[in-house]
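Work the whole structure out from these sequences, hints included.
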Amino acid sequence: DSGVTQTPKHLITATGQRVTLRCSPRSGDLSVYWYQQSLDQGLQFLIQYYNGEERAKGNILERFSAQQFPDLHSELNLSSLELGDSALYFCASSASTSGPYNEQFFGPGTRLTVL
Amino acid sequence: DAKTTQPNSMESNEEEPVHLPCNHSTISGTDYIHWYRQLPSQGPEYVIHGLTSNVNNRMASLAIAEDRKSSTLILHRATLRDAAVYYCILTNYGQNFVFGPGTRLSVLP
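Protein sequence lines correspond, in order, to chains X and F. Numbering-wise (our numbering), the first sequence opens with residue -2 and increments by one. Numbering-wise (our numbering), the second sequence opens with residue 298 and increments by one.
Bear in mind the hints are in silico, worked out from the structure with no lab data behind them. Think of the CB as a built atom: it goes at the ideal place given N, C-alpha and C, for glycine as much as any other residue. Treat the hints loosely; a few may be bogus.
For each label pair, taking beta carbons as the anchor points, the in silico distance ranges come out as [unchecked claim]:
id : chain 1 : residue 1 : chain 2 : residue 2 : range
1  : X       : G39       : F       : R374      : 24 to 30 Å
2  : F       : N353      : X       : L80       : 42 to 48 Å
3  : X       : N74       : F       : E311      : 41 to 47 Å
4  : X       : D68       : F       : T327      : 42 to 48 Å
5  : X       : E50       : F       : S403      : 39 to 45 Å
6  : F       : R355      : X       : S24       : 19 to 25 Å
7  : X       : I9        : F       : Y390      : 36 to 42 Å
8  : X       : I9        : F       : E311      : 35 to 41 Å
9  : X       : N56       : F       : H316      : 18 to 24 Å
Okay, structure coming up:
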């Protein structure tokens, strides 16, 4: 158990809909990262927040957005869903934002299926 | 982003050592080498990291070439639980994680 929790575990929805994925980082971790893992694209970094502020952006679509709240939990919002958005979405947390010992701890993931 | 190349898959017998190679010929002086692994149906987990010197921890050893253009993750005695996808990642001082396709390790009983 990494200490990172993600809800829900599974989500099934239809094209065009909007969903919210939630992540609670390990106690004391200030950084939260979101990744998307699909069969054909591997593990893709989406976005990072540190202590409530956006820190780095990866291959995140404009239809997707995220935020980190004062209690440090984070939400990833996915809108106008398409079939290709079906994937595993992982959240990870780390103590800080940089440094060689800035190990990322990954949650169990949310499996999103868009029908 | 600095790139790494790894074999797509490798096989090992249980209780034998496993050497997982990674090439990173474009590594820069500030790039750290990190290894993560992803067990089936789980998120990735940290294995080990290093900069220039060889490193050991309870999970594995990391051997880094003198020119730093390649590295090898060594599992000293593979168990069935070590079957996973192993990712070799270069980071700029712990930032900008870019996961490649990794090496899928199969462990045979």
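Hint check:
1. Our hint of 24 to 30 Å for G39/X and R374/F holds, since their Cβ atoms are close to 29 Å apart.
2. The hint said 42 to 48 Å for the Cβ distance between N353/F and L80/X, and at roughly 46 Å that hint holds.
3. Against the hinted window of 41 to 47 Å, the Cβ-Cβ separation of N74/X and E311/F comes to about 44 Å, which satisfies the hint.
4. Between D68/X and T327/F the CB atoms are about 34 Å apart, so this pair departs from the stated range of 42 to 48 Å.
5. As the Cβ distance of E50/X to S403/F is approximately 42 Å, the hint placing it in 39 to 45 Å holds.
6. The hint said 19 to 25 Å for the Cβ distance between R355/F and S24/X, and at roughly 23 Å that hint holds.
7. Separation of I9/X from Y390/F is about 40 Å and conforms to the stated range, judged on CB atoms against 36 to 42 Å.
8. Against the hinted window of 35 to 41 Å, the Cβ-Cβ separation of I9/X and E311/F comes to about 38 Å, which satisfies the hint.
9. Checked against the hint of 18 to 24 Å, the C-beta distance between N56/X and H316/F comes to roughly 32 Å, which is inconsistent with it.
Hint check: violations occur at hints 4 and 9; the rest are consistent with the structure.
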